[in-house]
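Novice: This is what each chain is made of:
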Amino acid sequence: MTAQLRWPSVAGVAYGGDYNPEQWSREVWREDVALMREAGVNLVSVGIFSWALLEPKEGVYDFAWLDEILGLLHDSGVAVDLGTPSVSPPAWFFHAYPEARVTTREGVIMGFGSRGMASHASPVYRVAIARMAAALATRYADHPAVVMWHVHNEYGVPVGEDFGPQAVEAWRTWLRARYGTLEELNAAWGTAFWGQHYDDWEHVGAPAATPTTPNPAMKLDWARFTDDALRECFRIERDAIRAHATQPITTNFMAHQSWNTDLWKWAAEVDVVSDDHYLVGQDPQAHVALALSADLTRSVGGGKPWILMEHSTSAVNWQGRNIAKRPGEMKRNALTHFGRGADAIMFFQWRASRYGAEKFHSAMVPHAGPHSRVFREVTELGADLAKLESVVGSGVDAQVAVLYDWESMWAQELEWRPSDELQFRGQMRTWYERLWRDNVTVDFALPTHDLSAYRLVVAPSSYLVTADAAARLTDYVRAGGTLVVGPFAGVVDEHDAVHAGGFMAPLRDVLGVTCEEFLPLREGERGAVAFADGASIIGDVWQEDLTLAGAEVVATYASGPGAGGAAVTRHVLGSGQAWYVSTRLGVEELKEVFVRVYADAQVVPPGYPEGVEVVTRRVGEEGFSVVVNHRDEPATLNVTGTDLLTGAVTDDGVLEIQAGAVAVVRLGSHHQGGGS
Amino acid sequence: MTAQLRWPSVAGVAYGGDYNPEQWSREVWREDVALMREAGVNLVSVGIFSWALLEPKEGVYDFAWLDEILGLLHDSGVAVDLGTPSVSPPAWFFHAYPEARVTTREGVIMGFGSRGMASHASPVYRVAIARMAAALATRYADHPAVVMWHVHNEYGVPVGEDFGPQAVEAWRTWLRARYGTLEELNAAWGTAFWGQHYDDWEHVGAPAATPTTPNPAMKLDWARFTDDALRECFRIERDAIRAHATQPITTNFMAHQSWNTDLWKWAAEVDVVSDDHYLVGQDPQAHVALALSADLTRSVGGGKPWILMEHSTSAVNWQGRNIAKRPGEMKRNALTHFGRGADAIMFFQWRASRYGAEKFHSAMVPHAGPHSRVFREVTELGADLAKLESVVGSGVDAQVAVLYDWESMWAQELEWRPSDELQFRGQMRTWYERLWRDNVTVDFALPTHDLSAYRLVVAPSSYLVTADAAARLTDYVRAGGTLVVGPFAGVVDEHDAVHAGGFMAPLRDVLGVTCEEFLPLREGERGAVAFADGASIIGDVWQEDLTLAGAEVVATYASGPGAGGAAVTRHVLGSGQAWYVSTRLGVEELKEVFVRVYADAQVVPPGYPEGVEVVTRRVGEEGFSVVVNHRDEPATLNVTGTDLLTGAVTDDGVLEIQAGAVAVVRLGSHHQGGGS
Amino acid sequence: MTAQLRWPSVAGVAYGGDYNPEQWSREVWREDVALMREAGVNLVSVGIFSWALLEPKEGVYDFAWLDEILGLLHDSGVAVDLGTPSVSPPAWFFHAYPEARVTTREGVIMGFGSRGMASHASPVYRVAIARMAAALATRYADHPAVVMWHVHNEYGVPVGEDFGPQAVEAWRTWLRARYGTLEELNAAWGTAFWGQHYDDWEHVGAPAATPTTPNPAMKLDWARFTDDALRECFRIERDAIRAHATQPITTNFMAHQSWNTDLWKWAAEVDVVSDDHYLVGQDPQAHVALALSADLTRSVGGGKPWILMEHSTSAVNWQGRNIAKRPGEMKRNALTHFGRGADAIMFFQWRASRYGAEKFHSAMVPHAGPHSRVFREVTELGADLAKLESVVGSGVDAQVAVLYDWESMWAQELEWRPSDELQFRGQMRTWYERLWRDNVTVDFALPTHDLSAYRLVVAPSSYLVTADAAARLTDYVRAGGTLVVGPFAGVVDEHDAVHAGGFMAPLRDVLGVTCEEFLPLREGERGAVAFADGASIIGDVWQEDLTLAGAEVVATYASGPGAGGAAVTRHVLGSGQAWYVSTRLGVEELKEVFVRVYADAQVVPPGYPEGVEVVTRRVGEEGFSVVVNHRDEPATLNVTGTDLLTGAVTDDGVLEIQAGAVAVVRLGSHHQGGGS
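Protein chains in written order, with numbering that gives the first Met the number 0: chain A, 0 to 675; chain B, 0 to 675; chain C, 0 to 675.
With the rest of the complex left out, here is chain A (with noise of 0.2 angstroms):
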């Protein structure tokens, strides 16, 4: 499903970040390259920005200044991440071009001043970048510091989408190449309803202002036009730079972070998987959305070592309260990153700039300068990492996947569904907390995957469900597999169309039930479920109306509209199980579904404190559990082996970690598991 992974050529794990040296004078730089060495800095990535500064008119180049940086890298040891300018082409170019401009849903023409690519639809953009990757793979093919391109920076963000008569001119020949004629494009959109029906492809406009809620596949094509079009300039860019030169190529996502791309699409198009996170501050327990995105990065690239590209050292600067990090907290990030797989730890950015829309970030170098809490800890994360070089390479252990779906998120989230309080993001973190509670380490998949070497398949929320992939997962609980499944799942095709036969249809067979009516509650309202063991807990936001086709009630509603009906199945199919729970339940309510599901799955948790994080890493013969104690006072788990941080040998299968500390245990042989 991906390509062939490439690791750069960086010994151990690579470490590092953005280094924007045309922001600083020589003079610094200088202190730059003498302050990394300090710090254990091996990589960096250049140029992500400077368009303007390599060419200063149309097509005058100039590159003496990035080959003085990246000698004096060079000569300092550190290796060079090269990034492609094109997320923000240069005043001039906009100005040439004014129709390269991006086009907002309402019309509004967006000018320059902050930062952003072009209409990914603009042609002349499409020549420019290709122009520029090309000059500058032609120019650094050979240069000894480039040992990976780093293309564009963050695709879909800040803009993606384009409304303007380019990118129109672009989604009727995308449409047309995905339908062939009209009448399969008016069935698919079931043009019928509302009188929408097209006889002529120019009169397909994009879904842009609309007197009320325009057709929602047509939204869903368009969400999947925009993903592919911004991935066709992604592939100019590498083509260009590939023709010229071999190292590793990759550009750096924001995995559960940003929206408008399908990471599985895109991780068959790069050499090496890179990822970008940031800790929402206000959420007191972020770490956990941290686990989220680094096992989503990992999997999309179908589990090999990623790369942390972006990370930071304390606040960011764009949420409404920057929450600043803690001592200590970064070093539990970073590792948190690493234990599950990433083999590079990099910053936004190397030393913070004093100028522009981004000061208040934090960075390896602050403004406070070396002498500081955090250059501190930078230099010390440095020697940490340092430590771990046996450990690069190794994999992450998952006996269970969860499933996560792009296009799904995207038909889920148009208007006008039944409740807008029940949405995939948030359903997704808080089944993957649940998981992440209990310490049970997952894999993200999408349906059509080979799930069969799992033991669990989640699906926290799975509303568009194609009936090949309710295929797959009926044969994989047939075959032996235990399925769990969130509320309102199955309930369209591909095109956001409601299943023939009703919500649920396909998935009918699988969980031995179907629904006959989506049960929001009203704001505030909350509804009880009880079991059959007399275990009862408290749903919120959604019930549904479950027509039973097989399964066994599990639970049932006690209060709420659904009062009497079914709200926990379990249905019985071959040699598998498949749950299906039909309501909104927090982290701690899910406890009362999962530890039945695990129950069916011979999923064991390792039953170590909650608040302490262990994830595996194995290669051959040998593991690696990074263990994180997020909490406030220690904690002692049943876990033997020498950690490599300290040194530290836990030959008496107890491992004691401090409040806030961070392990990286070299297992011995014994048991692990468990704790207090």
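Calculated from the structure, these hints are not laboratory results. Please note: incorrect hints may appear among the correct ones.
Where chains are identical, the list cannot tell them apart; a pair therefore holds if satisfied intra-copy or between any two copies.
[As the list claims (entries may be wrong)] Okay, derived cross-link-like pairs now, SDA-like style, lysine to any residue, Cα gap no bigger than 20 angstroms in a straight line:
{"#": "1", "residue 1": "264", "residue 2": "281"}
{"#": "2", "residue 1": "386", "residue 2": "618"}
{"#": "3", "residue 1": "386", "residue 2": "429"}
{"#": "4", "residue 1": "56", "residue 2": "185"}
{"#": "5", "residue 1": "264", "residue 2": "467"}
{"#": "6", "residue 1": "56", "residue 2": "202"}
{"#": "7", "residue 1": "56", "residue 2": "115"}
{"#": "8", "residue 1": "56", "residue 2": "180"}
{"#": "9", "residue 1": "56", "residue 2": "204"}
{"#": "10", "residue 1": "590", "residue 2": "525"}
{"#": "11", "residue 1": "56", "residue 2": "201"}
{"#": "12", "residue 1": "56", "residue 2": "199"}
{"#": "13", "residue 1": "56", "residue 2": "183"}
{"#": "14", "residue 1": "386", "residue 2": "629"}
{"#": "15", "residue 1": "590", "residue 2": "331"}
{"#": "16", "residue 1": "56", "residue 2": "200"}
{"#": "17", "residue 1": "386", "residue 2": "73"}
{"#": "18", "residue 1": "590", "residue 2": "603"}
Given the coordinates of chain A, work out where chains B and C should sit on it, guided by the hints.
Specialist: For chains B and C alone, kept in the frame of chain A given last:
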């Protein structure tokens, strides 16, 4: 005031819904008509969104499929309310005539892809809809299935206003017709304020985006203009049909749910009044708003039976949380409409759409198919309605009139009023609910109507009162009527200008009081109102500083900015009494006022248990009480007669009604009222 | 710093308001002047919105009605402040010159129909206002009624910024003048960040709609440019008048209520400073903001008497809930302005408008007419002011300066700061209110002013501090001054660039402390601050990680992310002391800081009961204390003298003041201060 209303030739209570066969295969059509027969359906609306299929290219018509479906329906004994598709011009239309698209206040031109009519002012649109209406009328004037014409759909929704150049041109023409000279316009709009004087008609623009609040008289006229322009579009279609066909013509209103059509004027244009109504799911008392809209619909139609053209079998799809109806609720809703004068009970729509923006809207045949709770209840309702033929044609008795004036609402909802929190809609709903809880049935009226037949006239929110209206209310009271007026009344004239003489000047004679100053409360602030007899209630949002001019003080402000001043006054004038309530009161608090007002008006609430809704239809000597128990427990009422639904006879005068149940009692001769 | 201020030739305290006779008939005019006499009015502002009447067609003037009204006023002894109508160009102007309309950031071109000037950059507008001003000045230079010129109205409201092409052209010219070369501009804006380098002036656009946050230095310059451009428009009119007329010229500010005019610069352009002030009704302590705005107005005018050009007799109309003033409140407001230096007390407006967007704005003659509470109080106020002639021309004593810098505010309010919750305006208000409650009268100042006369300088919110400003503050402290600085100070330079050396670098010398990292709190989070002597207070929103550089720690963080670190510091430098407060504190909490700061500064609050506001005007040896009791109960104060309003003599040194009352005491020689 309204035209002679004409009922379509359907026997008994009409029952059915919107039917969109173009979304389905011929196979499904055959299942549809079979199910319609099973459900007792005798009327469906067809073709509302079919323009693109009826005229696939400009001037090329295809009526074959419509011929076929009308034949099929007719053969199955289902009559047809034939729609004109003007609410949804095809893609080719907007492509050929982009100037017909609607422009928003901010200048955004809205494209194709959802639904919504063209600009009401577009000449080409007006030609196209006349041509289509004529084509349909020519072809189906004599079709035996077609018993009624359904022009357009929900005028004003989702777009009514247009700010494009054609609309501005029409606006100037409208203004010339209204004012004759610019001197008149300048005077009416008070353009001396803020230097807005016009000396050329061409300088008058739309009240679109402006640096700050536009001239309010201009905005009020703009609302009138838009309403008039929409009605012109209706008349174009109606007259085109009438030139060829004789069946009654309607268009579906949205009483108390859509705001930019003055239904007093619209009702005068149709042959039979029809209305769409949808519950606001978040409101646990949504059935009160339903009753209000039903009474309003009947009232604009002059008390004649009307058609409930659309409501829902269960949830809708366009709210934040779309609450499904629970068992029995659809029946209660439907029979409440019936009790308040609807002789046709119709739904949107017959069969749930698998595609499009409204796929989560419930239907008579839901996605789950006929073997479902919803379809069972649909069939039961059809059987119930079949028992009610004897009620058809009867009217509804009301001793009380509530003033409801769209122009006053438009004026009051303009910007920059003393408090954003005091609004027409909220006041209307609260005061109506007081009467509803008391089972005091009301008609709605304009102050300029003949009110002499009513014992009591209630004016919850009469911000705009013309001198003529005030004189009529004065005459009404002087002749023995009782009037009760809510706060912020009689403030402005038809140009939204404060009356010469100050706030309430034209109501001074009738109310014996005027207002010197409005005293809005701060957020969260409340103020006590003390009655002479010791009763005390709490108001919020608003108080007034009143100047007595003949009225007696019934209650004074005990706290708040008006403390010490009059809060509620009563004025004896001629043989009548006029009350003024100068603060905002809740439904419970209003009881303290209405108990006194009822006494003056000799209105005697029947004393049924609260939460049991009883409304009585009468024809000649016969009376039929529709009894709806909204409570979660049974009730007994002093009602004598025979329940037409069950055949049960309550000769002892005591009707037992179960929780959530409905009875339609053909009344005996005994006294009615009271219960527990 | 300000021009030589000149007072209009009105004897005693000027009293009156905006007068818009064009809205009324000649009959009303005669009633008006009679009522003005009754109310003691001696000055009215005329013609502010009269362009359409004065020049009904381009180049055609009609001054007859203005001649007439000026004559009538003069005959009645009422002087005139004659307005130029440039804030409201007529319909014909915008029709003839559509390019003069204002364009929003999103590209919406705003039309006619409300009010608001044309684009400040429009050449044709500039010509038109110069011509109109010259025409008025020519005609009325020698009119005996006209004692002052009132140019425009509230510059910047409701529109100041323009993003249309003419404004962008002017912006480029302004930038060329400011920076000379593009190299300078690129350096100042830090265009190396995000690749924003310019190599052609024509490529520089406005900071309009962009994909994400625009360059902050660009936005800060845009604010300066807009302010300058508005001031250019003022100068065009002023100079056109001055060419013909000699009366003083003003324009009405909105100190601390409108934000895009730097009043330090504006005050230098006018002959006499005038200000509009409106209460924010929702704020129960709105009189504190009133006092702030009055002190700020006096301060920008260099301490000279100023004109309260507009305030309201009761409610305004443009807030969500427009709270009416209660009896006595207008007098308290008016005399607070007077006490803080206003020698003219004026209202918007004389007579309430029956028409237009502001019909619910209160006036001197309300809709209820002269027989009303409001007009009675207006007349009483006129009589009161007539007793205060001896105070006219006096100044206000202040030992304390508060730094108030528009440029710093503009910079701080740009996007993407560490916390949205820490804002200039809120901090300014809170810290001011601390001083207000202590009855410590303040002047406002810029850090670059000569501060040597002040015992204490308070800097609540000084985000932008230039090196020059920092040096002056350092000198001030070294020479014996006391300085207290609030959080998030000294962060950036004049280009919104973080100071080289880190946050607070330029304040290091004076404060003896810098900030290593900002520590915003999560929503709802709070943090304790513990003083060495055991006192403890709670802050919210913000903490900092401080690095000491000579300061002593006065209080430390007891909880929150900064726990254990310094919260409040004190630095002895030369003969002075400099305090730094690094968290956000409320008015009550600040007491704990200010009691210590006052001691350092030898500022002795007078000890009047809280809620009694006392401010003293002085001229030569004479002092006049304006005493305003904002409490609901009486108070006694140790004040000796004679109340000019009542004639009461407090020879025993004890002034009794009733709840809500005001006294203006000509002070005796005894000691003042204290009370209960």
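Novice: Hints first: check each against the structure and report whether it holds.
Specialist: Each hint, compared with the structure:
Taking CA atoms no more than 20 angstroms apart as the test, residue 264 paired with residue 281 passes in neither setting, with 31 angstroms inside one copy and 41 angstroms between copies. Taking identical chains as interchangeable, the C-alpha atoms of residue 386 and residue 618 lie at most 20 angstroms apart only when both belong to the same chain, with a minimum of 17 angstroms there against 78 angstroms between chains. Taking identical chains as interchangeable, the C-alpha atoms of residue 386 and residue 429 are never at most 20 angstroms apart, the minima being 34 angstroms within one chain and 52 angstroms between chains. Only between protomers do residue 56 and residue 185 lie at most 20 angstroms apart by alpha-carbon distance; the minimum there is 15 angstroms, versus 47 angstroms within a single protomer.
Taking the shortest alpha-carbon separations for residue 264 and residue 467, only the intra-copy value of 18 angstroms comes in at or below 20 angstroms, while the best inter-copy value is 56 angstroms. In the homo-oligomer, the alpha carbons of residue 56 and residue 202 lie at most 20 angstroms apart only across protomers (12 angstroms), although the nearest pairing inside one protomer, at 39 angstroms, exceeds that limit. Taking CA atoms no more than 20 angstroms apart as the test, residue 56 paired with residue 115 passes inside one copy only; the shortest distance there is 19 angstroms, against 41 angstroms between copies. Proximity of residue 56 and residue 180 under a CA criterion of 20 angstroms is satisfied inter-copy only: 17 angstroms between copies versus 44 angstroms inside one chain copy.
Taking the closest pair of Cα atoms, residue 56 and residue 204 come within 20 angstroms of each other only across two copies (18 angstroms); inside a single copy the shortest separation is 35 angstroms, beyond that limit. In this assembly of identical chains, the alpha carbons of residue 590 and residue 525 lie at most 20 angstroms apart only when taken from the same copy (18 angstroms versus 32 angstroms across copies). With identical chains, the CA atoms of residue 56 and residue 201 are at most 20 angstroms apart between copies only, with a shortest distance of 14 angstroms across copies and 37 angstroms within one. Taking the shortest alpha-carbon separations for residue 56 and residue 199, only the inter-copy value of 10 angstroms comes in at or below 20 angstroms, while the best intra-copy value is 42 angstroms.
Proximity of residue 56 and residue 183 under a CA criterion of 20 angstroms is satisfied inter-copy only: 19 angstroms between copies versus 47 angstroms inside one chain copy. Taking the shortest Cα distances, residue 386 and residue 629 never come within 20 angstroms of each other, neither inside one copy (22 angstroms) nor across copies (69 angstroms). In this assembly of identical chains, the alpha carbons of residue 590 and residue 331 never lie at most 20 angstroms apart, being 26 angstroms within a copy and 41 angstroms across copies at closest. Proximity of residue 56 and residue 200 under a CA criterion of 20 angstroms is satisfied inter-copy only: 13 angstroms between copies versus 39 angstroms inside one chain copy.
Within a single copy, residue 386 and residue 73 get their C-alpha atoms no closer than 23 angstroms, and across copies no closer than 84 angstroms, so neither meets the 20 angstroms cut-off. In the homo-oligomer, the alpha carbons of residue 590 and residue 603 lie at most 20 angstroms apart inside one protomer (14 angstroms), although the nearest pairing across protomers, at 58 angstroms, exceeds that limit.
The structure fails hints 1, 3, 14, 15, 17 (numbered hints given earlier, in ascending order).
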